[in-house]
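A.B. asks: Sequence:
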Amino acid sequence: MEDGRETAAMKEQKRKDRQIALESGDSDIGVCGWILVLFSILLTLLTLPLSIWMCIKIVKEYERAIIFRLGRILRGGAKGPGLFFILPCTDSFINVDMRTITFDIPPQEVLTKDSVTVSVDGVVYYRVQNATLAVANITNADAATRLLAQTTLRNVLGTKNLAEILSDREEIAHSMQSTLDDATDDWGIKVERVEIKDVKLPLQLQRAMAAEAEATREARAKVIAAEGEMNASRALKEASLVIAESPSALQLRYLQTLNTIAAEKNSTIIFPLPIDMMQSFMKH
Numbered sequence: 000m001e002d003g004r005e006t007a008a009m010k011e012q013k014r015k016d017r018q019i020a021l022e023s024g025d026s027d028i029g030v031c032g033w034i035l036v037l038f039s040i041l042l043t044l045l046t047l048p049l050s051i052w053m054c055i056k057i058v059k060e061y062e063r064a065i066i067f068r069l070g071r072i073l074r075g076g077a078k079g080p081g082l083f084f085i086l087p088c089t090d091s092f093i094n095v096d097m098r099t100i101t102f103d104i105p106p107q108e109v110l111t112k113d114s115v116t117v118s119v120d121g122v123v124y125y126r127v128q129n130a131t132l133a134v135a136n137i138t139n140a141d142a143a144t145r146l147l148a149q150t151t152l153r154n155v156l157g158t159k160n161l162a163e164i165l166s167d168r169e170e171i172a173h174s175m176q177s178t179l180d181d182a183t184d185d186w187g188i189k190v191e192r193v194e195i196k197d198v199k200l201p202l203q204l205q206r207a208m209a210a211e212a213e214a215t216r217e218a219r220a221k222v223i224a225a226e227g228e229m230n231a232s233r234a235l236k237e238a239s240l241v242i243a244e245s246p247s248a249l250q251l252r253y254l255q256t257l258n259t260i261a262a263e264k265n266s267t268i269i270f271p272l273p274i275d276m277m278q279s280f281m282k283h
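Numbering-wise (numbering that gives the first Met the number 0), the sequence shown opens with residue 0 and increments by one.
Hints were generated in silico from the structure; no laboratory data involved.
Take the hints with a grain of salt, since some may be wrong.
Straight-line Cα separation of at most 30 Å, DSBU-like style, residue types lysine-lysine; simulated pairs [stated by the list, open to error]:
# : residue 1 : residue 2
1 : LYS159    : LYS189
2 : LYS78     : LYS189
3 : LYS56     : LYS189
4 : LYS196    : LYS159
5 : LYS78     : LYS59
Per label pair, the in silico range of CB-to-CB distance [stated by the list, open to error]:
# : residue 1 : residue 2 : range
6 : PRO48     : LYS189    : 40 to 46 Å
7 : SER91     : ASP141    : 33 to 39 Å
8 : ASP141    : ALA220    : 37 to 43 Å
This one's a predicted model, so the numbers in the text were calculated from it and none came from an experiment.
Here a beta-carbon is modelled for each residue, glycine too, at the ideal position from N, C-alpha and C.
Full structure from sequences and hints, please.
C.D. replies: Set out below in structure tokens:
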């Protein structure tokens, strides 16, 4: 746990260092740069109040603005939400959406560890954690995250067999989330969650698994039936021992059987004959 905290702290410190390096100063624009800035300020003052509409910009609550002055990021990093001012000739800005973004991972044909081809898709939730890094360190953070998610899905599932893919979806999703989060840390992106949506198996494999499951159920049914027969035979043996101890018990059981047959309104009544009587006739 302590190692994990230290690693997270180190990552945060590195991210701050990169941001500071990127924001290192509009003071390095040089003499010509300052001349252009002063000229832009003078032009803004001379064209008041018309120029005020070009200088005032509004950033929404869920957005941040990265301001570039002569190509350099201004000190202070992202601006917003609310009002901010820019110079019309020397400044430009880029709006960055800070809300959580969701996208589907297209179905990927993956060869598992046990050489089975499956089609797997998923969904990823991420957000921009550092607007400065998301603008300065990568061309298109959204497209890069999407491509990286597809590659990570194939790489992670390639180390699993089919049974693990079908049963350990949460572990696979957590592994993907950790891998994506580490890879996108330099881009100022935080991957919040990854989920495996569906695993599609080939038709032949589905038939083979269905046949295997059916055979397993039939085998289990036969075992249960055999256990029932064994338990019934044991109960009959115990009942015969109890009846053998009292001859009248057999007569009572016989009368109960006749009562049951008569209650069903059957036209045929079977009278059992004792085995001993038959043996006496055979001796004569």
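A.B. asks: If a hint holds in the structure, say so; if it does not, say that too.
C.D. replies: Here is what the structure says about each hint:
Proposed proximity of LYS159 and LYS189 is supported: the alpha carbons are some 26 Å apart, at most 30 Å. Taking the CA atoms of LYS78 and LYS189, the gap is near 20 Å; set against the 30 Å cutoff, the hint holds. Between the alpha carbons of LYS56 and LYS189 the distance comes to roughly 27 Å, so the proposed pair stays at or under 30 Å and holds. Proximity of LYS196 to LYS159 is assessed by CA-CA distance (about 17 Å); at most 30 Å being required, the pair is judged to hold.
Our distance criterion of 30 Å between C-alpha atoms is met by LYS78 and LYS59, whose separation comes to about 10 Å. The supplied range of 40 to 46 Å is met by PRO48 and LYS189, whose beta-carbon atoms lie about 42 Å from each other. Separated by about 21 Å at the C-beta atoms, SER91 and ASP141 break the suggested range of 33 to 39 Å. Our hint of 37 to 43 Å for ASP141 and ALA220 is violated, since their Cβ atoms are close to 54 Å apart.
Violated hints, listed in ascending order, are 7, 8; each of the other numbered hints is respected by the structure.
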